[in-house]
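Trainee: Below are the chains, spelled out letter by letter.
Protein chains: 2
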Amino acid sequence: MKKMMAIAFGCMIGIFGLVYAAGTVKPAPNGIELPSDYKDWRIISSSHREDNKTLRVILGNNEAIKAARAGKTNPWPDGSILGKLVWKDETHPRWDTAIIPGKFVHAEFMVKDSAKYSDTGGWGFARWKGLDQEPYGKDASFVQECFTCHLPVIDNDYVFTRPSSLP
Amino acid sequence: MKKMMAIAFGCMIGIFGLVYAAGTVKPAPNGIELPSDYKDWRIISSSHREDNKTLRVILGNNEAIKAARAGKTNPWPDGSILGKLVWKDETHPRWDTAIIPGKFVHAEFMVKDSAKYSDTGGWGFARWKGLDQEPYGKDASFVQECFTCHLPVIDNDYVFTRPSSLP
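Protein sequence lines correspond, in order, to chains R and A.
Counting with the numbering used here, you get residues 727 to 893 for the letters of the first sequence.
Counting with the numbering used here, you get residues 727 to 893 for the letters of the second sequence.
The set of hints was computed from the structure by calculation and includes no laboratory data.
Just to be clear, a hint being listed does not mean it is correct.
The list treats identical chains as interchangeable, and a pair is accepted whether it falls inside one copy or across any two copies.
Straight line, CA to CA, 27 Å or less: simulated DSS-like cross-link-like pairs of lysine-lysine [as the list claims (entries may be wrong)]:
1) 792 to 814
2) 842 to 864
3) 798 to 814
4) 829 to 814
5) 752 to 842
6) 792 to 864
7) 829 to 752
8) 765 to 829
Computed from a predicted structure; not experimentally measured.
Work the whole structure out from these sequences, hints included.
Mentor: Quick look at the structure:
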């Protein structure tokens, strides 16, 4: 009887853990929530950073895609969200001059709201690390690090990404 | 009056040209049509080919995305279509160790239909070149070139792309 109760208890903990893992990605320290559907967003561009050996794909929500396709991205309109998925790069096992995504590093986002985020160029920043999606930053001040890095592209609305050319 | 007729005629030609350009991407020589909504497909992976200096993003239709997320891609199920968008690589003007997409090269597709394309591993191949979307290949035999190149990955259902890890 004790054994069965122990098993049942173990199962309950397991189920609780799964439900918790599926439903609760913590918000970033500045309150930004992980967009629930970001993996279904459409493509804006990609990049390969050879300094930190990462491959990146940049996606956009509907507002961002609309702006990108209309060429109206300086400034990006309020409501636009850019999502960047980042992987460590690695060599393709069957094509040794092809670099492909390896270990997932993080997903990071820029949320355009000119009024709400007026202190940081109209953009709210957030990042979730690894497959565990742990929020980046000890407190809300982490955005200063993001914003400082984006200052060199102030004349491109603080955005490094340029929408890729498409037919 | 002659001048007005000339202007009207010029406008008609212009409008006809636009309608023609918008509506008629020619099918590949093997009859495969360009999927109408491929730019709205979701991401499967990306790559950087350092041999021919191109950046690539690999998208999938709904069937392919479902298979990729379920880890059921060897073999990919019938109905899956993989789309690869290819750009010449170039250096980011503000971040000299970042490689970004430059000139658009082509969009190419693999269409899974085990019965229809049994001669080429169950895959139909097609490619449209450049922003003009000119079909690749002089006649239907062009697929032999595609298939031959994919033979080294016969044990991965003839597919080089491996779906990227995501949370």
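Trainee: None of the hints should be skipped; say for each whether it holds.
Mentor: Each hint tested on the structure:
1. 792 to 814: between (29 Å within a copy, 24 Å between copies)
2. 842 to 864: Close inside one copy (21 Å), not across copies (56 Å); limit 27 Å.
3. 798 to 814: For residue 798 and residue 814, only the inter-copy Cα distance (23 Å) is at most 27 Å; the intra-copy one is 31 Å.
4. 829 to 814: Both. Shortest intra-copy (5 Å) and inter-copy (25 Å) distances satisfy the 27 Å Cα cut-off.
5. 752 to 842: Classified as within; 21 Å inside a copy, 48 Å across copies.
6. 792 to 864: Cα proximity of residue 792 and residue 864: none, with 34 Å in one copy and 36 Å across.
7. 829 to 752: Answer is within; shortest intra-copy Cα gap is 22 Å, inter-copy 39 Å.
8. 765 to 829: both (17 Å within a copy, 26 Å between copies)
Taken one by one, the earlier hints fail for this structure only at number 6.
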